[in-house]
Amino acid sequence: MARIAVTGDDAVALAAKAVNPDVVAAYPITPQTIIVERFADFVADGEVDTEFVTVESEHSAMSACVGASSVGARVFTSTASAGLMLMYEIVFIAASSRTPIVMALANRAISGPINIHGEMTDQMLLRDSGWISLFCEDNQEAHDQTIMAFKIGEHPDVLLPVAVGLDGFILSHAIEGIEKVSREEALRFIGGERKTDLKLDTSKPLSIGLLHLQDYYMEARAQIKDAQDRAKKVILDVFSEWETQTGRKYEPIESYMMEDAEYAFITMGSSAGNARTTVDELRAKGEKVGLIKIRVYRPFWSDRIVELCKNLKGLISVERAHSFGGPGAILSQDIKSALYGSGISPLLAEYTIGLGGRDTLISGYHGMYNRAKKAFEEGKNLPIFWWGVRE
Amino acid sequence: MILLNEKLGVAIPLTVDIIDIRLHGRGGQGVMTSSYLIAEAALVEDKYVHAFPSFGPERSGAPIAAFARISNERFYVKTEIYEPDIVIVQDPTLLGQVDVAAGLKEGGLVIINTDDPSSEEVVKLRESRPDAKYATVDATKIAAEEIGIKQTNTAILGALIKLTSEGVIKLDSIKKAIMARFREEPAKKNINAINRSFAEVEI
Chain A
1 MARIAVTGDD AVALAAKAVN PDVVAAYPIT PQTIIVERFA DFVADGEVDT
51 EFVTVESEHS AMSACVGASS VGARVFTSTA SAGLMLMYEI VFIAASSRTP
101 IVMALANRAI SGPINIHGEM TDQMLLRDSG WISLFCEDNQ EAHDQTIMAF
151 KIGEHPDVLL PVAVGLDGFI LSHAIEGIEK VSREEALRFI GGERKTDLKL
201 DTSKPLSIGL LHLQDYYMEA RAQIKDAQDR AKKVILDVFS EWETQTGRKY
251 EPIESYMMED AEYAFITMGS SAGNARTTVD ELRAKGEKVG LIKIRVYRPF
301 WSDRIVELCK NLKGLISVER AHSFGGPGAI LSQDIKSALY GSGISPLLAE
351 YTIGLGGRDT LISGYHGMYN RAKKAFEEGK NLPIFWWGVR E
Chain B
1 MILLNEKLGV AIPLTVDIID IRLHGRGGQG VMTSSYLIAE AALVEDKYVH
51 AFPSFGPERS GAPIAAFARI SNERFYVKTE IYEPDIVIVQ DPTLLGQVDV
101 AAGLKEGGLV IINTDDPSSE EVVKLRESRP DAKYATVDAT KIAAEEIGIK
151 QTNTAILGAL IKLTSEGVIK LDSIKKAIMA RFREEPAKKN INAINRSFAE
201 VEI
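The listed protein sequences derive, respectively, from chains A and B.
Under this note's numbering, the first residue of the first sequence carries the number 1, and numbering increases by one thereafter.
Under this note's numbering, the first residue of the second sequence carries the number 1, and numbering increases by one thereafter.
For reference, chain A alone in the conformation it holds in the complex:
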């Protein structure tokens, strides 16, 4: 199929157009994305049947999404950085109300100092919210995963909102070629209309979003926990069906050149592209190095990571996020937790890179690798280190 030239924002907007959601609610905060701007064009041009709700804040945008999803609508929104921060109260409500909203996030730094450039901390903070959290390496993945997100979230075993993250600027504002999915293909995949029994319906009255005190709150939260666990099978099935329909293969945790690897990068999003390029260059020099790419961050596939690490001498974690005062960065904490008690414990080097849009060059990846390998050969772990920070 001929590929078309689109930015990451356009790739997501075209995916949403293909899905033709019932409701989109969004607010043009800085930094919004061009995703909803494009989608507003589709609405104005009559290319979608969506009701586009122009609200007065991001908090209201997510509130409108929860409301619409609660009556059974298929709902999409998009934001980034500070916009997500302003949504946060309702982000948790969206998960507990079991509203399968799909939200694209052009991952950007959260000020301050004031900055709206690429970074993943915004979406990483969804970690404990109950949302399914997916990351994309390129625009094709952003297009595909936006469509797949509806099917994952709306599955009756899941009923959770889904975030689809694409690196701010380096994907969101960058043109790449994608194979576009048509509306017919998208709806054949996810199903024509959203079907759910869990909705506000006068013929079958129920309540959503009520007060749960000490008597029921933990049970309600436990249901989110169980849904995250069940989501794993659903995600595997959805990825598999996507491959059948489009030929494009997706896995929650992807591996590259891992068969005989002694060392490996582990990262997410567009950083995986840079790590992959570095792996190719290092392989050409005879280095036994591979790449583990985390596509699905929540639910977290601990067992798959353990399996991929079982023959590794050293693992190099690289992420565009940090947890101040924490035992590592954010992803690296997850990695350590996944390995703890598994009997598999490669040496670990932890790096935070690229905050606020700072570029990490391929030479930087070589630098991180060389520094880590030296420590690994001496039998040492490398604690969290911010790569490229001036002293």
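Just so you know, the hints here were simulated from the structure itself, not pulled from any lab data.
Note that CB positions come from ideal geometry on N, CA and C, so glycine has one too.
Among the hints, erroneous ones may be present.
Said to hold, decoys possible - Interface residues of chain A toward chain B, partial, derived using beta-carbon atoms under 8 Å:
1) ARG3
2) ILE114
3) ASN115
4) HIS117
5) ALA174
6) ILE175
7) GLY273
8) THR277
9) ILE362
Unchecked claim - Per label pair, the in silico range of CB-to-CB distance:
10) PRO186/B with GLU179/A: 48 to 54 Å
11) ILE149/B with SER57/A: 35 to 41 Å
12) ALA62/B with SER182/A: 37 to 43 Å
13) GLY28/B with GLU259/A: 50 to 56 Å
Since chain A is already given, all that's left is putting chain B on it; use the hints.
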């Protein structure tokens, strides 16, 4: 491998699989659009691309850069371009203010929009990087005459296409990309500007 126009003497040592182009201009001059058009034209030829602007403070008139990576094969690198094969300077007033040749690969190509190929700034740039190949075109004049505004971001692409012997993108591809992006009337004008810079670029 791209062969430069034979008038340039020797072929640029583009033995790499990926062509890295960096564009310099000022906010409001359509530098981002220029990088996008290169990518869109490359996709007409079913190549692989990654093209994007470097976003600093978004102010009209501020120096900005944009990037386009192009390859016949799929690639995965996702960084800005620090060692370009080709540099395009859309605004001559940047010379002397911005190090446009920074990181330019040995023997790389610099295309400058200027009405004065022997200006002090151009001469200084040539002296600072004698290994590079230089070409100039008065894209501002061409744009003013063909499009009616001094918007040089399309006109200069004709020079790029000529100088690379259509090896990066073809003239026909950029025309298709222009027609896909613009309405009929402005598309025609922009294509005329590209044709002229293709014809008038000086080596």
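Going through the hints against the structure:
1. ARG3: holds, 6 Å
2. ILE114: Violated: closest Cβ of chain B sits about 11 Å from ILE114/A, beyond 8 Å.
3. ASN115: Hint on ASN115/A: violated, closest Cβ of chain B at ~11 Å, above 8 Å.
4. HIS117: holds, 7 Å
5. ALA174: holds, 4 Å
6. ILE175: holds, 4 Å
7. GLY273: Given a least distance of 4 Å, the restraint on GLY273/A holds.
8. THR277: holds, 4 Å
9. ILE362: At about 6 Å, which falls below the 8 Å cut-off, the nearest Cβ of chain B leaves the hint on ILE362/A intact, so it holds.
10. PRO186/B with GLU179/A: 48 to 54 Å: violated, 29 Å
11. ILE149/B with SER57/A: 35 to 41 Å: holds, 39 Å
12. ALA62/B with SER182/A: 37 to 43 Å: holds, 41 Å
13. GLY28/B with GLU259/A: 50 to 56 Å: With Cβ atoms ~51 Å apart, the hint holds.
Taken one by one, the earlier hints fail for this structure at numbers 2, 3, 10, listed in ascending order.
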